[in-house]
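A.B. asks: Quick mapping for you: the protein sequence lines, in order, are chains A and B.
Just so we're on the same page, the numbering used here is the position in the first sequence counted from 1, plus 60.
Just so we're on the same page, the numbering used here is the position in the second sequence counted from 1, plus 60.
Don't take every hint at face value.
Claimed, not checked - Straight-line alpha carbon distances no greater than 25 Å define the calculated DSS-like cross-link-like pairs of lysine-lysine that follow: (1) B:Lys106 to B:Lys66; (2) B:Lys106 to A:Lys273; (3) B:Lys66 to A:Lys106; (4) B:Lys66 to A:Lys273; (5) B:Lys164 to B:Lys106.
These are computed hints drawn from the structure, not numbers from a lab.
Number of protein chains: 2
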Amino acid sequence: MATLTKNDIKITRTETSKISSIDFNNLAFGQVFSDHMLTCDYKDGKWHKPEVVPYGPITLDPSSKIFHYGQSIFEGMKAYKDNNGDRFLFRPMDNVKRLNLSAKRLAIPELPEDYFMEGLKALLDVDQDWIPTNEGSSLYIRPYVFATGNGFHASPADAYKFIIATAPSGAYFSGKVNVLIEEQYSRSANGGVGFAKAGGNYAGQFYPTQLAKDKGYQQVIWTDDTTHEYIEEAGAMNVFVRINDTLLTSPVSDRILDGITRKSILQLAEAEGIKTEVRKVKVSELVEASKNGSLKEMFGAGTAAVISPISGFGFRGDDFEIPEQDQSFASQLKNRIVAIQTNKAEDPFGWRVKL
Amino acid sequence: MATLTKNDIKITRTETSKISSIDFNNLAFGQVFSDHMLTCDYKDGKWHKPEVVPYGPITLDPSSKIFHYGQSIFEGMKAYKDNNGDRFLFRPMDNVKRLNLSAKRLAIPELPEDYFMEGLKALLDVDQDWIPTNEGSSLYIRPYVFATGNGFHASPADAYKFIIATAPSGAYFSGKVNVLIEEQYSRSANGGVGFAKAGGNYAGQFYPTQLAKDKGYQQVIWTDDTTHEYIEEAGAMNVFVRINDTLLTSPVSDRILDGITRKSILQLAEAEGIKTEVRKVKVSELVEASKNGSLKEMFGAGTAAVISPISGFGFRGDDFEIPEQDQSFASQLKNRIVAIQTNKAEDPFGWRVKL
Ligand SMILES: Cc1ncc(COP(=O)(O)O)c(C=O)c1O
Ligand SMILES: Cc1ncc(COP(=O)(O)O)c(C=O)c1O
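Construct the complete structure from the given sequences, taking the supplied hints into account.
C.D. replies: Set out below in structure tokens:
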């Protein structure tokens with residue numbers, strides 16, 4: 061099959077750019093959207109060529125299956141710009157492959173990899189001025205696929221839309237994150253869709269997260285739905301725990317998203333001489349480690365949140381504080397990964413992709 | 061709070077009815093849609109008055125949360141018309157209440173009950189000619205709510221749309237149903253959203269159901285995700301098993317939808333002198349009962365599928381056939397419930413609501 065390159069992609073430019081109305085010094089996360097988007101339709105049994113078009117409304121029949129059956133998947137990536145104006149992505153092929161893993165599990169036809177990658181490149185050429193350069197800001201990239209096909213029958217749609225939209229964004233969390241370890245509600249089932257970035261995984265977390273927020277926590281740490289004895293991950297982050305000088309994180313499974321930040325952190329930590337262990341972590345172990353002082357750090361890791369230090373956790377009505385560390389793994393690793401992402405350091409891993 | 065009545069609802073009629081193009085003698089399920097729909101918007105912190113409008117396209121921003129986070133819920137109901145042209149609903153308030161149960165779990169603002177019920181009545185006045193009268197046909201009613209609010213942040217939307225659309229429909233299944241008992245994939249987690257009619261619950265079933273179809277089964281019977289030892293329910297039906305002369309069905313839980321057909325069947329069976337037991341049913345018990353001849357019947361029960369006899373089940377590569385019964389509970393109970401729904405019999409339970 062002939063591969064598509066970004067120059068094959070039809071581009072329709074907006075007549076009125078919104079860029080001058082955006083305050084790039086005060087960016088929230090994912091609230092303002094760049095001028096263009098990539099769109100690509102699946103119908104008649106195949107994906108049709110992607111196009112760059114002005115960011116604008118989508119019109120659907122009321123019986124479109126996206127409204128009824130949650131048949132949707134997404135990805136989250138970022139584009140960075142350095143002081144020379146060069147533009148970079150971080151491990152983008154991992155997002156392409158994960159989107160197709162999610163697609164398969166949700167019975168969505170897999171997307172040709174070049175439609176995604178070359179489409180993204182074309183979009184980021186057109187909207188290159190939308191990539192922020194301020195420290196801590198970046199262009200958040202949202203690739204997503206949803207069912208457009210019609211009908212009130214709980215079965216896969218016969219038509220889909222793939223879109224990439226982008227949003228210049230600041231930090232996901234403001235400040236440290238206080239988490240609640242959840243024992244009643246669950247994020248995902250054994251044999252379910254937890255490992256996929258399926259839309260429905262997120263909506264299911266909103267209510268329990270709201271309850272946690274009402275109690276003063278910003279995030280829920282999910283535990284396994286069978287015993288609730290093991291920590292799994294957070295809403296949009298994998299979780300790391302430092303006990304003495306070892307960095308622990310749960311193995312991924314069909315319940316846990318295989319985060320690109322998570323696996324990068326594991327490799328970076330090794331390279332920095334930090335001992336890592338990938339193994340199940342019991343809630344009781346956390347509690348004990350907190351009590352005897354060996355719990356030094358906890359942090360979340362994800363594209364949106366980068367590395368977000370966790371200041372404490374609540375469990376069964378008790379609150380466990382995690383004291384600040386002078387030599388924090390979280391800051392050390394965050395500095396490393398951000399330096400690689402933004403072209404401020406060598407990239408021995410070959411993760412950075414120059415546009 | 062003043063209650064809304066159907067006469068308060070603004071009605072905008074279509075200029076061109078599609079009804080003459082519909083072949084009411086050859087209706088599929090949920091494929092053609094009536095002329096009008098009810099719409100109702102949540103914004104600025106409240107639900108605004110519903111209106112009846114022509115059935116037609118919905119326009120949304122690409123960042124609408126429905127596309128990203130699966131924040132959607134729905135219901136399934138039917139309207140029936142008898143030989144006098146009188147129109148009926150079946151236990152509609154149970155759907156209203158279940159929609160709000162689902163809403164709560166999905167962090168969607170609950171809908172005023174009268175907006176739903178009076179809105180539905182207004183819609184069914186306008187589209188009364190769309191209710192089929194042929195045996196086995198009815199007007200399938202699809203109330204649903206989805207997140208319209210914008211933003212690439214995994215948190216509840218600030219705007220929603222409630223719609224009721226309807227589709228004159230024939231049978232959901234054609235013929236008997238052969239099922240596969242699933243041990244690898246799961247439908248829902250303990251503490252998850254399985255008890256809610258959340259969009260994401262359905263998309264997650266498509267791929268495993270496709271695999272089952274490829275093996276010659278029409279439906280999957282889900283088992284609990286922890287042990288896979290107990291049968292739970294099917295894609296859009298609760299499941300009943302007849303062992304000797306006792307009718308068994310699983311208790312509902314936070315993993316299983318509390319079906320209105322299921323609970324009606326339990327009451328009808330009691331009234332018909334059929335012994336019922338609500339208890340967990342082991343897969344191994346089914347296999348053994350099939351082998352020793354005590355497994356007399358299995359059937360699915362749901363609004364769309366009414367009562368659908370199951371002709372056999374596959375489990376670990378073996379197929380277990382369920383022989384036809386002369387005195388089948390499935391047909392006895394189906395006849396009873398359909399007679400009540402369609403005003404062909406007394407309704408001692410007060411389930412039928414005349415429009
Ligand atoms: C549920 C969940 N876990 C973990 C992550 C982190 O994954 P990644 O590092 O690939 O962004 C995300 C965000 O993408 C997520 O949604
Ligand atoms: C998962 C699931 N189980 C069971 C049912 C049956 O419920 P009811 O009888 O209320 O239609 C449905 C259909 O609504 C369903 O979607």
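A.B. asks: Now look at each hint and say whether the structure bears it out.
C.D. replies: Against the structure, the hints:
no.: 1; hint: B:Lys106 to B:Lys66; result: 19 Å, holds
no.: 2; hint: B:Lys106 to A:Lys273; result: 22 Å, holds
no.: 3; hint: B:Lys66 to A:Lys106; result: 45 Å, violated
no.: 4; hint: B:Lys66 to A:Lys273; result: 39 Å, violated
no.: 5; hint: B:Lys164 to B:Lys106; result: 15 Å, holds
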